[in-house]
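Which chain is which? The protein sequence lines are S and H, in order.
Using the UniProt record's numbering, the letters of the first sequence correspond one by one to residues 1 to 594.
Using the UniProt record's numbering, the letters of the second sequence correspond one by one to residues 1 to 373.
What the hints contain is simulated information worked out from the structure, not anything from laboratory work.
Which chain H residues face chain S? A few, computed with CB under 7 Å, are given here: (1) 213; (2) 214; (3) 216.
Estimated spans, in silico, between C-beta atoms of each pair: (4) 363(S) to 23(H): 24 to 32 Å; (5) 363(S) to 20(H): 27 to 35 Å; (6) 350(S) to 23(H): 31 to 39 Å; (7) 29(S) to 323(H): 32 to 40 Å; (8) 359(H) to 29(S): 25 to 33 Å; (9) 198(S) to 5(H): 29 to 37 Å; (10) 474(S) to 345(H): 51 to 59 Å; (11) 315(H) to 474(S): 39 to 47 Å; (12) 450(S) to 20(H): 52 to 60 Å; (13) 20(H) to 126(S): 27 to 35 Å; (14) 12(S) to 5(H): 29 to 37 Å; (15) 294(H) to 8(S): 45 to 53 Å; (16) 29(S) to 294(H): 24 to 32 Å; (17) 395(S) to 80(H): 55 to 63 Å.
The beta carbon of each residue, even a glycine, is placed where N, CA and C say it ideally should be.
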Amino acid sequence: MKPAANAIDTTTALNFQDVGKSFLAGQRRISALQNVSLHLRGGVTALVGPDGAGKTTLLRLAAGLLLPDSGKVESFGLNTADDGDSLHTLSGYMPQRFGLYEDLSVLENLNLYADLHGMDRLERQQRFDELMRMTGLAKFTERLAGRLSGGMKQKLGLACTLVNRPRLLLLDEASVGVDPVSRRELWHIIETLVRDFAATVLLSTAYMDEAERCDHVILLDQGRILRQGSPAEFHALTAGRGFILSSPVLSNRIVQQRAVTLPGAIDAVVQGEAVRILLRPEAKPDWQACFSETDRLHSQAASPRLEDAFIMLLQAQRPLEKMPPPICVTALDNATPTCFANQPAIIEVDAVDRWFGEFQAVKKLSFRVCQGEIFGLLGANGAGKTTTFRMLCGLLPASNGKLSVAGVDLRRAAAKARSRLGYMSQKFSLYGQLSVRQNLEFFSHAYGLRNQHRRQRIAWALEQFDLQAFADVNSTDLALGYKQRLALACALMHEPAILFLDEPTSGIDPLARREFWTRINQLAGQGVTILVTTHFMEEAEYCDRLLIMREGDILAAGTPAEIKRLGIAADQAPADNMEEAFIRLVETGEAAPL
Amino acid sequence: MKASRQRLAGLIRKEFLQVLRDPSSLAIAFVMPVFLLLLFGYGVSLDAKHVPVGLVVEHNSPESREFTAGFEHSEYFQTHYYHDMRTAQQALRAKQINAIVHLQADFDRQLSGGEPAAIQVILDGVDANNARLLNGYIQGVWQNWLNSRAERRGQRPSTAVQLQPRIWYNSALRSRNFLVPGLIAVIMTLIGALLTALVVAREWERGTLEALIATPVSVREILLGKLIPYYLLGMGGMLLAIAMAVWLFQVPLLGSLWVLLVCGSLFMLVALGMGLLISIAAKNQFVAGQIAIIVTFLPAFILSGFLFNIDSMPAAVQAFTYLVAARYFVAILQTVFLAGNIWAIIIPNALALLLMAMIFLGLALWRAPCRLE
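Sequences and hints are given; from them, build the entire structure.
In structure tokens:
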């Protein structure tokens, strides 16, 4: 190895000076980062921001995998452009999806990285022991990496990155799709590294609660740093602006729908049994504007959180995007049931199993969903959500048990059941080369709408989803949030009674996510039954009832509030959030009856 | 230096483990070559043998029996007798037979009368190549019959000039002897270009290459870490093909094995260079596979002289074949197997391979990403 051109400066782990980076996409040059400057010395730094903000590009620049077009990137005093080789011995980088060789066993993966870092046998043995203890993988050394669960893959990816004891650790979306228990263990490892080895960690994350735990937070949007600082500094931006509203007579959904229209409201979301609202700094809390005496509205100050500041800062960047106008789905009665227990079930799942060869993806699953309910299916990747979902859509037959949707047994008449439901998949299933209007036309044809009726529905979709301006744009050129709107419109063309949403919000920025949930709430308010899967535990709060799955089994089921009270002793307070509830449930091993 | 060797060893070990565990790599590296060898060794034959031929003899006589016996005793034909032309023509239309040989009722009379006796031959010309072969064979039977008839009568054969063909290099005229050596070039292209392009593209797809580049490993080591394992696999494929050719299909190997191995190495380097270049251009498996098949595998199959004779291609296509590396290697393979170490052919072709190897590998090294762009 050639000696480093510059002396190693151990104090500054990472230094970006006015860094710009752009890529060629077809004929156009797209700017991924502009004027980014940052300076890291120790501690854990979170990189947050909407999808496409430039987080991955920033991490790749830091790892020396990309070179900046302008400005400079230095790590420990070494310029990434000149001293790439020596830099790679000092830093460790874990790409998205962990960069593991899935055909290789745990030990073979570790050995490869140890070879690449030139470790000798003795040193290696010692280091592997340490890493195995740290990650709890010791029992699985012979297992192929491809056969590990999401959480174990993540830990193996981390172990491979840590083989050479890097002083700078760069992690790209290390916890996406990983269950809360594994996420907590990952954080434990990271905190140990920082405390005991004075490592510097830079990680990108989609989880706000992870960013809360960091020493420093960088908010990126459209390739620029919007703001950076400690979580406390972010909290200060919205201190005193958040309130928790609840009413004993109104449903959360109604409180939320009204709260959005309050003067100066930036954001209102259902959270547990209450609604959390965020007001502009200059706005006064004026509840009377939307609520009357008889609503018996109760308000209290909410403790500040990072997400509030992000929403506020991001919304300031996009002044034109407002909360959506209420959409109305015709041909459905406007009944808004508040209590679902007495409603007839519209989806019934009874002791359903699904085997793939030797592997049981779903184990004796039973649940029921009532009309007008938002029902959530939660769990990490591999928990069995997607399999359950596909069975309910009639795309996959169950191995055992009974499934019925809208009163139709899926075993007998899957096609008939499908005509009553709308489906929106994670990847949106749009035809990229067709325009917005052509997509709508295609889907309405596919659902068998004719002439006048079809024209009406297309006009309805363009208007309700604010897509008029983009009617002739190819759907591949739409922004992600608009693609999502179009996909939802396509799924609603035939006025389905049930809407299936498969990971509808993955990769969508927090603002678009808000907007999406507002629409979903409105649909549910009009009697559409909604079944949604997600791996974001926080989205559980938007559901009326939910089911948390783990390894094909039901871990817990019930309303968000019920789940938070599960697995605790009588004198303990309920869990603050779904994440904590999940961890507690796994630890106590208590599964709830339905 | 020691660290570099260790890194390289780690990469090579990883590569072998992956090939052995991934069913699609196994299929390309081992199953496809064996399948192709069995197919071309046993299934595909360019020879016409046991061709069904219809015989219509209107008047049975010693002369006509003697003539038809020539068909029955030949391994090229499988004879079917018909009573009249109508049924024979139906059989021809139904593809039950490929040709009709018609001896008319006055065949004997004409022969004994010293008149030229007419034999009618009708050929199914749909497969033109086959029809031409068949025509030749039928004429051969006729010629033999004439000769033996003349001999019996103590006459000199009727034709003034006698053709005495001697076939060199593949004296049995077995097309297998010519196909199986050429197949080696196809198999090595499969492993060197297609498999290599696919596995590198897979590393891009799964993000493992990204993780590799972030370690102290250099681009040269990553490239060597791909070159060495697939070179060994490709040479293994070549040895397997040679062994099967010699022992299973009894193809004579007249030249030396060493010449084959040296030229094979050169060709393998060309194939690897192409595979690596493709993987640099195409970062997903589907595109890499498509490009590799169109740019390397199909030309090796069609334009290398392995299956079709280059000299009978149109001039423009012939000119194009000079860009196909397999062309040079197929020429070497066929020469070394069937004719021996003929340096006048081996040396220029080997030099062409060397030049192509230098160009492709040079380009691959030069264009290889040392970063993600």
